[in-house]
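**Student:** Since chain S is already given, all that's left is putting chain P on it; use the hints.
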Amino acid sequence: MAGKKKGNTRVIPGFGLTLGITVTMLSVLVLIPLASVLVYSFRLSFSEFMDLVTTRIVKNALITSVVCSAVAAVINCIFGVILAWVLVRYEFPGKRFLDGLIELPFALPTAVAGITLSKMYSDTGMIGKPLAALGIKVSYTKVGLTIALVFVGIPFVVRAIQPILEKLDDQYEEAAYMLGASRRRTFFKVILPELRPALLTGFGLAFARGIGEYGSVIYISGNSAKEHTQVISYVIMQKLNYLDYESATAIALVMLIISFLVLLFVNIVQIRQSRRTNNV
Amino acid sequence: MKTIHREESKAVKITLIAISVVFLVLMLVLPLLSVIVNSLKEGVKFYVQSLTTEYVRSALKVTFIATFWAVVVNTFFGIAASWLLTKFSFKGKQILATLIDIPFSISPVIAGLAFLMTFGRLGWASGIINKINEFLGTDIKIVFALPGVVLATIFVTFPFVSRELIPVLNAEGKEEEEAAALMGMKGFAIFRKITFPHIRWALLYGVILCTARALGEFGAVNAVSKTRGKTFTLPLEIDALYLSGSADSTTAAFAASSILVIIAVIVLILRNIMEYKAKNK
Chain S
4 MAGKKKGNTR VIPGFGLTLG ITVTMLSVLV LIPLASVLVY SFRLSFSEFM DLVTTRIVKN
64 ALITSVVCSA VAAVINCIFG VILAWVLVRY EFPGKRFLDG LIELPFALPT AVAGITLSKM
124 YSDTGMIGKP LAALGIKVSY TKVGLTIALV FVGIPFVVRA IQPILEKLDD QYEEAAYMLG
184 ASRRRTFFKV ILPELRPALL TGFGLAFARG IGEYGSVIYI SGNSAKEHTQ VISYVIMQKL
244 NYLDYESATA IALVMLIISF LVLLFVNIVQ IRQSRRTNNV
Chain P
2 MKTIHREESK AVKITLIAIS VVFLVLMLVL PLLSVIVNSL KEGVKFYVQS LTTEYVRSAL
62 KVTFIATFWA VVVNTFFGIA ASWLLTKFSF KGKQILATLI DIPFSISPVI AGLAFLMTFG
122 RLGWASGIIN KINEFLGTDI KIVFALPGVV LATIFVTFPF VSRELIPVLN AEGKEEEEAA
182 ALMGMKGFAI FRKITFPHIR WALLYGVILC TARALGEFGA VNAVSKTRGK TFTLPLEIDA
242 LYLSGSADST TAAFAASSIL VIIAVIVLIL RNIMEYKAKN K
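From first to last, the protein sequence lines are chains S and P. Going by our numbering, the first sequence runs without a break in its numbering and finishes at 283. Going by our numbering, the second sequence runs without a break in its numbering and finishes at 282.
No lab work stands behind these hints: they were computed from the structure. Quantities reported herein were computed from a predicted structural model and do not represent experimental measurements. Incorrect hints may appear among the rest.
Claimed, not checked - Some chain S residues well away from chain P (every beta-carbon gap over 12 angstroms; in silico):
| id | residue |
| --- | --- |
| 1 | V74 |
| 2 | V77 |
| 3 | L195 |
| 4 | P200 |
Claimed, not checked - Within a straight-line C-alpha distance of at most 27 angstroms, the following computed DSSO-like cross-link-like pairs (lysine-lysine) qualify:
| id | chain 1 | residue 1 | chain 2 | residue 2 |
| --- | --- | --- | --- | --- |
| 5 | P | K92 | S | K170 |
| 6 | P | K194 | S | K170 |
| 7 | P | K194 | P | K278 |
| 8 | P | K42 | S | K98 |
| 9 | P | K11 | S | K98 |
| 10 | P | K187 | S | K132 |
| 11 | P | K92 | P | K187 |
Glycine included, every Cβ here is placed at the ideal spot set by N, Cα and C.
Just chain S, with the same shape it has in the complex:
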């Protein structure tokens, strides 16, 4: 029935009006400003562009951002599966509280998270002090940077896996049990493959967020060029402060390309997933 209502049989009013408002506001407030960045960076010749984005500082910052975001996303995937599993399958006191807490990184301003984590893990902080006694330094190193990225990324992974785990059909697990598989084997051979698309989506979103992250990482990372703890968005901000707009837009273009590729990957995973579930 719903398939019939298409094209020129619109009965609900307001198509032209809402289309006009949506497209105009989207263009003026988001697309045109973004296009200005692209236009400006396209003015550079290819070799100029390559020179700007392959300087030592930019290269190091890109590597730091990509590697730390990837490591943080992997950590988030491991803990994300455990957290989602515990929150979906088990009942225990305080469960609702923990479940509600997961989205804290979305609600807490990044600068606040940044200074708190930096303080906590510094030599005088709550966690940093005992670690420093053991000779482990966290703030102002890549370890601290990765911890901050774990903080901002955790909700993406947990919230991607939770609904899939809730909907997972008991039959597979029961069949595996009947066939004599152990719980462990069932988890790795039956359940985990079912979670893979959601896990990849969560990984992609957490990774993309990590690459662009600014506020929550710049305090704990220390931003030392020598120790390779500058992240890429910090370098853009520095270039802006030195009024080096050419470098800033060139780096921005690289970041836009990376996040576009990651989102493309996430979309492909999701499309393949929905195709698979529809075929069953």
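**Tutor:** This is chain P only, laid out in the frame that chain S set:
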């Protein structure tokens, strides 16, 4: 229903719960407590004092102005866009939906850069602004001034309201609106009498999320705001206090942060109440 085959041994279950609790306490609860503890380090008097300095008061004012406009603009946009995307099918709908979500997926620093490259010294629109200023004899500035802060805040919170409304409107379907339209009801009346009651809570929640994010935005406004005490928002003031390095200013930074932490906790509680309500419905 749970069957016995789904249960792990008790030891595994307890271990997994313990890992989860330790992880969440370490990663999420401690940072929250740490803000509060650090903000009260030098007593309540110092706490109140550091929240009433001229810089903080100015920052609060700028933050509220930017947040106000972000909420107004994005609510208006969110209602129009969600109506468009859920009540009609048309070519390019999917692309439009993807474009609306762009601000979610790009670095806030790039959002700030976008306005610099549009209205800044090198931006193509700076000439237009200069002409307007010459013509009217005004001195309107966009970047490094309040309008730039407002625009950057609108940018990063752009999809927040529409994103909350779209799933609700999709689930509701469009039969009721179609029936009302066929019976001759006018567009705005349909929205007000039929659609609005369904989306009331989602709209409120979208506004709350938008508010929280607007209050806390840092990277984007950092790129377009450089004057402390004039165009600094609360997160920028926190940054300035924290980086100035003395023990007092660090405590003051945490005091200012505590305002934003309290707001974040309220947002989380509201979110959970709404989710609980939606589940029980």
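**Student:** Hint by hint, note whether the structure agrees.
**Tutor:** Hints versus structure:
Here V74(S) stays apart from chain P, with its beta-carbon at least about 15 angstroms from theirs, past the 12 angstroms limit. Look at V77(S): its CB is around 15 angstroms from the nearest CB on chain P, clear of 12 angstroms, so calling it non-interface holds up. Consistency note on L195(S): stated as away from chain P, and its beta-carbon is indeed over 12 angstroms from all of that chain's, at 15 angstroms minimum. The Cβ of P200(S) sits about 19 angstroms from the closest Cβ of chain P, beyond the 12 angstroms cut-off, so the non-interface label holds.
Between K92(P) and K170(S) the CA atoms are separated by roughly 32 angstroms; this puts the pair beyond 27 angstroms, and the hint is violated. For the given pair, K194(P) sits about 35 angstroms from K170(S) by alpha-carbon distance, which is inconsistent with the 27 angstroms threshold. Straight-line distance between C-alpha atoms of K194(P) and K278(P) comes to about 22 angstroms, which keeps the hinted pair within the 27 angstroms bound. Restraint check: the Cα-Cα separation between K42(P) and K98(S) comes to about 32 angstroms, which exceeds 27 angstroms; the hinted pair is violated.
Proximity of K11(P) to K98(S) is assessed by CA-CA distance (about 17 angstroms); at most 27 angstroms being required, the pair is judged to hold. The suggested pairing of K187(P) with K132(S) is violated, with an alpha-carbon distance near 66 angstroms, which exceeds 27 angstroms. Of the pairs offered as hints, the one joining K92(P) and K187(P) holds, with about 25 angstroms between alpha carbons and a cut-off of 27 angstroms not exceeded.
The structure does not agree with the numbered hints 5, 6, 8, 10 stated previously, though it agrees with the rest.
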